[in-house]
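Protein chains: 4
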Amino acid sequence: MVTVGVIGSTGYAGAELMRLLCRHPQVGNIYAASQSYVGESYASVYPNFHKVFDEPCQVSDMAILAKKCDILFLSLPHGISSQHVTEEIIQECVVIDLGADFRFSDPNVYETWYKTTHKNRSLITEAVYGLSELYRHEIQAARLVGNPGCYTTCSILTTYPLLAAGLIEADSLVIDAKSGVSGAGRGERLGSMFCESNESIKPYGVATHRHTPEIEEQLSLALSQGKETSGVIISFTPHLVPMNRGILSTVYAKLKTGVSQADIERAYATMYTNEQFIRLLPYNTFPETRWVKGSNFCDIGFTIDQRTQRIVACGALDNLVKGAAGQAVQNMNIVLGFEEQVGLDAIPGFPL
Amino acid sequence: MVTVGVIGSTGYAGAELMRLLCRHPQVGNIYAASQSYVGESYASVYPNFHKVFDEPCQVSDMAILAKKCDILFLSLPHGISSQHVTEEIIQECVVIDLGADFRFSDPNVYETWYKTTHKNRSLITEAVYGLSELYRHEIQAARLVGNPGCYTTCSILTTYPLLAAGLIEADSLVIDAKSGVSGAGRGERLGSMFCESNESIKPYGVATHRHTPEIEEQLSLALSQGKETSGVIISFTPHLVPMNRGILSTVYAKLKTGVSQADIERAYATMYTNEQFIRLLPYNTFPETRWVKGSNFCDIGFTIDQRTQRIVACGALDNLVKGAAGQAVQNMNIVLGFEEQVGLDAIPGFPL
Amino acid sequence: MVTVGVIGSTGYAGAELMRLLCRHPQVGNIYAASQSYVGESYASVYPNFHKVFDEPCQVSDMAILAKKCDILFLSLPHGISSQHVTEEIIQECVVIDLGADFRFSDPNVYETWYKTTHKNRSLITEAVYGLSELYRHEIQAARLVGNPGCYTTCSILTTYPLLAAGLIEADSLVIDAKSGVSGAGRGERLGSMFCESNESIKPYGVATHRHTPEIEEQLSLALSQGKETSGVIISFTPHLVPMNRGILSTVYAKLKTGVSQADIERAYATMYTNEQFIRLLPYNTFPETRWVKGSNFCDIGFTIDQRTQRIVACGALDNLVKGAAGQAVQNMNIVLGFEEQVGLDAIPGFPL
Amino acid sequence: MVTVGVIGSTGYAGAELMRLLCRHPQVGNIYAASQSYVGESYASVYPNFHKVFDEPCQVSDMAILAKKCDILFLSLPHGISSQHVTEEIIQECVVIDLGADFRFSDPNVYETWYKTTHKNRSLITEAVYGLSELYRHEIQAARLVGNPGCYTTCSILTTYPLLAAGLIEADSLVIDAKSGVSGAGRGERLGSMFCESNESIKPYGVATHRHTPEIEEQLSLALSQGKETSGVIISFTPHLVPMNRGILSTVYAKLKTGVSQADIERAYATMYTNEQFIRLLPYNTFPETRWVKGSNFCDIGFTIDQRTQRIVACGALDNLVKGAAGQAVQNMNIVLGFEEQVGLDAIPGFPL
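Protein chains in written order, with the working numbering: chain A, 1 to 352; chain B, 353 to 704; chain C, 705 to 1056; chain D, 1057 to 1408.
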C-alpha cells in the first residue's frame, strides 16, 4: 500500500483524482492538500465524499508532503508547480504534475504560448511526458511526469498513428475540438456560469489555445519517428459545449496518395491493439462522449472521404479521467509497477 | 463466484445493473437477456460496454435462465414478470424483480392503481419488499424480491423514521418529488425527447402516480409499527426535471406537539446510523442530487419551520442506482450473504 | 413616445427589460444605466444587442435620469433603491422598482426577512404593489411601484383566487416552487456555475426564503378580503432546476368541506377570465414552463385529489418576463394608459 | 393583409413559422395544416399557442390551400413536396418550400445524395434558391422558392464572400458544424431522446450529410462568379450538441498568398454591410449561438492564423429562424414587396 498526496485537491481534476485514489486498491493513505480550504473537512467542500473521505484538507506544502508520500500529484494553475518542485522533492517522491509546466521539452515554446517565464528550466530534462500509451517505458523510470492536457491527450491519441505511419499530409491537419465546461475548472468566472454557457456553443482561443504547441510537439515526434520536437503545425480550435464532461476531437487531414482504409486500420491497430484504454471503433463508426463518460477509455473512429481524399478521424474521452486524473493514476500505476488498469476499471455510465 | 441473469438488460435500469454486475467481485458469469436485441452484441446496443462486455444478448427465457443462474434480475414493464415467474423458477434461483408486480402485499391495491389484473396472486405472499434497510432480515431468506420503485425508495427512506417514531401527523404528509428523465425509460415517447423535456419542468401523474400506493403501504407499516398496510394517505406529486439522473423528494408534515429537533435527529439516527448507504446531513443542510450521482447513497436532511410547525425533510438518490439497480444488487448481496456494500462502493462523481 | 431609463440594465432582469423596451412601440428614448460598464457599448456587454442597441451604458444617477425619463426602472440588489429614491424623483417620473424594497406594506416584515434596515420608510406608503392583475387600479395612479418577485408572482396568481373565494384551509398551504438558474442573477457565485447546477436539483432557502413574506402578505389580503396584511403563514420551498428560465409553483391545500371542482373553476374564472396574460388550463391539465418561455403568460392548472381532499394547483411563468421585466412593462403600460399587452405580445417559443 | 398556409405546421420548423406568422403585421388569415392532427386545436398540439392561435389543424391539401392563400409554406420531409406541387399550384400562390426538393439546380445531385428519384424535374427550373441575401432579386419574381437548409445557410453565408472575392483555396475548405437537437425534428427517434443526446457530443453523417451538396453548389457559384454549379468540394461534418437550438459553422481554409485581414474584411463588408440580418463581428471576435437565439440574425467572425496561413471563420444562427422559418418569412417579405425585416425584428433573448 502506498501513500499519496494531492496538491490542488479541491479543483475539479483534483476531486476526480481523490475519487479514483480513494478506491484504488493499492493506495493506503491520502493527503488532500488545498489552498483555500485548509483544515476544513474535504467532504464539506465536496459533499459527495461524505462517509468516504471526511478528513481535513492539508496545507499545500510540497516539501513536507514529499517526505510523507510515494507519489505526489500536483493539480495547480500553470506556473505554480515549477516554482515549488525541486530536485530534492523528486528524490523524495515521484511527482505527477497535471499542469502544463513540465509538458514541453523546449521551455521557449512554453514561454511563448503561456506568456510567462519558466521558473525551473533545470528540471525540464528530468520530466517525462505522461501520455501513458506513448511513453510507458520512460514513465516507469520517471521522477517527474508532465501529465498531458485534456484536448492534447484526445487529439494526439487520434492523430499520432496516422503521422507515425506516414499516411497523411502533416500540413493539412485541422483539429476541431469540443469540450464540456468542467475543463474550465472551478474558478468563478462569468463564462463558466450556467446561464452563460448553457444552451450555446462557442469557439474560444482560436489560433491561440495553449494545448496547440503540446499537440504539435508530440505530432512532430510522430512524424519524425522521435527525432524532432517541432515541424508539425496545426490548426486547432476548441469549442465550449453545454455539458459537464467530455472531449471530442474531430481531425481532418489529406491522405497521402494511395493510402487505403486497411493502411489506416493497420496503423491504429499497430499502436493500440494491446492498449486496454483505447477502443478502436469499426470503420465509419464514430465516438460519442457519452460512451466514455466516467471512464479512462479513449474511443477512436474514422472514415475516408473519397471525394476530398481526406480522413476524418474522431477521438473521445472524459476530460477529467483519461484527460487528467485517470491518466495521472495510470502513470502512477506505471511508475509503481502496478497493473495499468488497477483502480481505473470503471465502466462508462449511461445515461449518466 | 455466482452466475446471474438480467432479463430486460437493454433498458436503462438493466444497463445500470449490467454495469454494476460486470464489476462485482463475486459475480462470474452474466447472462444479458433482451427482447429486442437477441443475438446482437450487448456492446453494440450500449457502446460504453466495448471491451467490457461484448457478449451477445440472450433470449428472455426465464425458465432456462433460472436453471443457469443463482440470481435472476427482472427489469421489465409491469405486468410481465408476474406472468412468467413461477414457483419452479424461484426454487431454481432467487428472483429480484425491479418491476412493480411483487411490491404490494395487497393485489387489489396493485390492480386499482395499475389498472390491470395481477397475473400471479399466489406468489405475492412469497415476495419480500426489497427496501434493503427496512427488510434486510426478510430478504436474507427470500426467493422472490419485489425491488422498490425509485420515487418510493427515496420518499420512504426520508419519511419512515418520522412516522415510526410518532413525530408527525400522518394526514398532513405532502411529498413533492422531482426526477431526471432516465426514470421514464428508453422507450421512444414524445415526452422523453430532448427538445420536449430540456429547459422545462412539469408535474405529471398528479394524484394518480403509481408509486403513491407503494409509499403509502410502507408508511402505513411505519405508523402502525408493522401492523397495518394501509391507513396513511399522502399527496404525492412527481415532476420531470431536465437532467439524466437523480431523484429529490421534498417531504412536508406537521410536527406533533412538542417534537424537537433532537427527537427527529434521534429518530433518523436510530434507524440509519449503522447504514452504509444512508447519509444523514447536519441539521438544516439539504441534499442535492449531484452529490449522490452514480452511487448507492441516499442523502437525507431536514429543517423545522417554527412558523408553520412543519418539518421539511429532503431525500436524494440516484434513481438508477439506489432507486433501481444498486438496490437490486444490495438485495443480491443480502440474499447471498455477501457484505452489503460489495460492488456498490462507487463514490458519487462530481461534476459528472 | 415616452422616454425610459433602466438602472441596473446589465443584470439579467435589466437585459430582459432592455429587450422588451427596445421593441415597445410607444417607447422612444432608452437610457441603459449600469454600475460596472459605464461608457461601454451596451452591445459589448450583451452581444445579442448588436445592431439593436449599440449605445453606451449611462451613469446610474437616479436624480438626473428621473429628469429625463417618463418611467424609471430600477433593477438593483435589495437595499439600494430605497437609499436613492426620493420624493423629488417620484415627482419627476414614475419609478418601477424590480427589487424588494417597496413590496411590503410593513417595513418590519421587510427588515426581519431581509436582515437589514429599511432606508426609506416614508415612501412605503406611496408605493403600490405591482402585481398587475391584482392592483391595476392602484397602479394607474402610482408614482412608485414595487414590482413583485418571480416566485411570488407565480405563487400568488395560483393561490389568490382560492383564498379570496374561501375554498381552502389557509393553514394547510404548502408551496413547493422550482426555478431556473437565471433567477440567481449574473453575479459570479459558485452555486451559479454551470458544473455546480447542471444535472442536479436542490432545495435552498428552506423556511427562510425572502419571497415567503411577500406571498404571505398578498395571500393574507386575499383571505381577509383586503383587510389584513398578515395572518396567512405558508410553507414555501424553492428549488434550483438546471434550466435557464422558468418558474413552476406547485401548491397544496386542504379543501374546505363541500368544495367542488366547479367552485374552484368559478373562483379562477372570476378573477382571470378577462386577463390576457393568465391562461387557465382545462381541469387536470398542468402547466409546463416550456409553454410560457419568453412570454408574459402565467399558466395555471389544478386537480382535486379526492383521496386527500387537497387541491393541487400549479402555476408556471417565465421568471424574467411575467416574473420580472414583463410585469414591469405591463405596469408601465398601466401607468401610462397604454393597452396592457403593448410590447408584451411575444408568443412563447418552442423548442427554445 | 395576406392569407398564408403552413403545410407541416406541427413540426418544429412549422411551429416556428406559426409563431412568426401569428405576429406578422401584414398577415391576416393563417391556415395551419397537419398530417397527424387534423381537426385538433393547434394549441392542444403546442400549448404555447393557447390564447394565440386556438384554431383547428387543417387537412394538408395543397391544391385547396393554394386557392385560399397568397403564400403557402411547406415544411415536410424531403420527397413529399415535389410530389404535390404543380404548375397550377404555383400559379395560384407562391410556394416557399422549407424542404430539400427544390434547392438544387441539378436533380442528379439531389438524387445521388438523397437516394431517391426527384418527382418533379420540370418545376426545378422555376424554383429559386431562397438564400435571401444572395438571391433577393430572383426571389422577388419567384413562384417557387427552395428555402435553404439550416447548416447550409450558416455555412454559405460565412464562406461565400471569401470565395467570391478569391481569397481562399477552395480545395482546402473544411467546415465543422455543430447543431442543437431541434434540427432533428419532432420525430420520436432514439437518438433524439433526452438521455441519448443530453451531456454528450457526437459527429454524424460524416462525409455523407445531405447539406454538403447544397453548400457545394452555392460555393461553386461563388467561386465561378455565378457560372458553375459544381467544382467546389468540401469536407463537411455536422455534430449534435445538447441544446435546443443553434448552429455554429467553423470554417477552415488556406488563404491565397498575400491575402490580408483588410482584404477579408472588405469581402465581408461588400456583401453584408447593408444586410440587416448579418452582423459582422470585430476581427478575432467569434459568434456564439446564444447571441442569436430566437432571432433572424446570422453572426460572423474570423481570425487569420498566421502560423498555418489559414482563415478560421465562424458563423452562428438560430436553426429554426434564419436556418428555416425566419428565412422563409424573409423570403415571403421579399416576394410580397414588404420591408424585409417586417415580422422578423425579434431581439435574441438572453439568457433564454
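Just so you know, the hints here were simulated from the structure itself, not pulled from any lab data.
Note that beta-carbon positions come from the ideal geometry of N, C-alpha and C, so glycine has one too.
There could be a bad hint or two in this list.
A few chain B positions that, by computed beta-carbon distances, are all more than 12 Å from chain D [as the list claims (entries may be wrong)]:
no., residue
1, Gly391
2, Asp422
3, Gln435
4, Glu439
5, Thr468
6, Lys471
7, Ala517
8, Ser534
9, Arg541
10, Met545
11, Glu548
12, Asn596
13, Met623
14, Asp657
Covered by chain D, per the in silico footprint, the following chain C stretches (three or more residues, Cβ under 8 Å) [as the list claims (entries may be wrong)]:
no., stretch
15, 730-736
16, 810-823
17, 866-873
Calculated cross-link-like contacts (lysine-lysine; reagent style BS3-like; alpha-carbon spacing at most 27 Å) [to be verified]:
no., chain 1, residue 1, chain 2, residue 2
18, D, Lys1310, A, Lys254
19, A, Lys254, D, Lys1107
20, C, Lys823, B, Lys608
21, D, Lys1124, D, Lys1107
22, B, Lys420, B, Lys467
23, B, Lys606, C, Lys958
24, D, Lys1124, A, Lys256
25, A, Lys115, A, Lys67
26, A, Lys256, D, Lys1107
27, A, Lys256, A, Lys227
28, C, Lys771, B, Lys608
29, C, Lys819, C, Lys771
30, A, Lys227, A, Lys254
31, C, Lys771, B, Lys606
The hints, checked one at a time:
1. Interface exclusion of Gly391 of chain B from chain D stands, the closest Cβ pair being 19 Å apart, more than 12 Å.
2. No beta-carbon of chain D comes within 12 Å of the beta-carbon of Asp422 of chain B; the shortest separation is about 31 Å.
3. Consistency note on Gln435 of chain B: stated as away from chain D, and its beta-carbon is indeed over 12 Å from all of that chain's, at 27 Å minimum.
4. Even its closest Cβ contact with chain D, about 37 Å, leaves Glu439 of chain B beyond 12 Å, as expected for a residue assigned away from the interface.
5. Its beta-carbon lying about 25 Å from the closest one in chain D, Thr468 of chain B satisfies the requirement of being farther than 12 Å from that chain.
6. At the 12 Å boundary, the C-beta of Lys471 of chain B stays outside the reach of chain D, the nearest C-beta of that chain being 29 Å off.
7. Look at Ala517 of chain B: its CB is around 38 Å from the nearest CB on chain D, clear of 12 Å, so calling it non-interface holds up.
8. Against chain D, the non-interface label of Ser534 of chain B is violated: not every CB pair exceeds 12 Å, the least being about 5 Å.
9. Listed as a non-interface residue, Arg541 of chain B fails to keep its Cβ farther than 12 Å from every Cβ of chain D; the least gap is roughly 7 Å.
10. Met545 of chain B, annotated as away from the interface, has a beta carbon of chain D within 12 Å; the closest lies near 5 Å.
11. Its closest Cβ contact with chain D, about 8 Å, brings Glu548 of chain B to no more than 12 Å, contrary to its assignment away from the interface.
12. Chain D draws Asn596 of chain B into its interface by the beta-carbon criterion, the shortest separation being 5 Å against a cut-off of 12 Å.
13. Its beta-carbon lying about 33 Å from the closest one in chain D, Met623 of chain B satisfies the requirement of being farther than 12 Å from that chain.
14. The beta carbon of Asp657 of chain B is kept farther than 12 Å from every beta carbon of chain D, the shortest such distance being approximately 32 Å.
15. With 0 residues bearing a CB less than 8 Å from a CB of chain D, the stretch 730-736 of chain C misses the requirement of three and the coverage assertion fails.
16. Only when three residues or more bring their CB closer than 8 Å to a CB of chain D does the claim for the stretch 810-823 of chain C stand; here the count is 0, and the claim is violated.
17. Given a C-beta distance limit of less than 8 Å, the hint that chain D covers the stretch 866-873 of chain C is violated, as 0 residues qualify and 3 are needed.
18. Between Lys1310 of chain D and Lys254 of chain A the CA atoms are separated by roughly 13 Å; this keeps the pair inside 27 Å, and the hint holds.
19. With a CA separation close to 56 Å, the supplied pair Lys254 of chain A and Lys1107 of chain D exceeds the 27 Å bound.
20. This hinted pair does not check out: Lys823 of chain C and Lys608 of chain B have alpha carbons roughly 41 Å apart, beyond 27 Å.
21. Distance restraint check for Lys1124 of chain D and Lys1107 of chain D: the Cα-Cα separation of roughly 24 Å lies within the 27 Å cut-off, and the hinted pair is therefore satisfied.
22. Of the pairs offered as hints, the one joining Lys420 of chain B and Lys467 of chain B is violated, with about 34 Å between alpha carbons and a cut-off of 27 Å exceeded.
23. A threshold of 27 Å between alpha carbons decides the hint, and for Lys606 of chain B with Lys958 of chain C the separation of about 13 Å falls inside it, so the pair holds.
24. Restraint check for Lys1124 of chain D and Lys256 of chain A: not satisfied, since their Cα atoms lie roughly 59 Å apart, outside the 27 Å limit.
25. Among the hinted pairs, Lys115 of chain A with Lys67 of chain A is inconsistent with the structure: their alpha-carbon atoms are about 33 Å apart, more than 27 Å.
26. The suggested pairing of Lys256 of chain A with Lys1107 of chain D is violated, with an alpha-carbon distance near 62 Å, which exceeds 27 Å.
27. A threshold of 27 Å between alpha carbons decides the hint, and for Lys256 of chain A with Lys227 of chain A the separation of about 21 Å falls inside it, so the pair holds.
28. Distance hint between Lys771 of chain C and Lys608 of chain B is unfulfilled; the C-alpha atoms sit about 58 Å from each other, more than 27 Å.
29. Taking the CA atoms of Lys819 of chain C and Lys771 of chain C, the gap is about 33 Å. The hint is violated against a cut of 27 Å.
30. For the given pair, Lys227 of chain A sits about 23 Å from Lys254 of chain A by alpha-carbon distance, which is consistent with the 27 Å threshold.
31. A hinted pair counts as satisfied when its Cα atoms are at most 27 Å apart, and Lys771 of chain C with Lys606 of chain B does not qualify at roughly 54 Å.
Checked against the numbered hints given earlier, the structure breaks hints 8, 9, 10, 11, 12, 15, 16, 17, 19, 20, 22, 24, 25, 26, 28, 29, 31 and satisfies all the rest.
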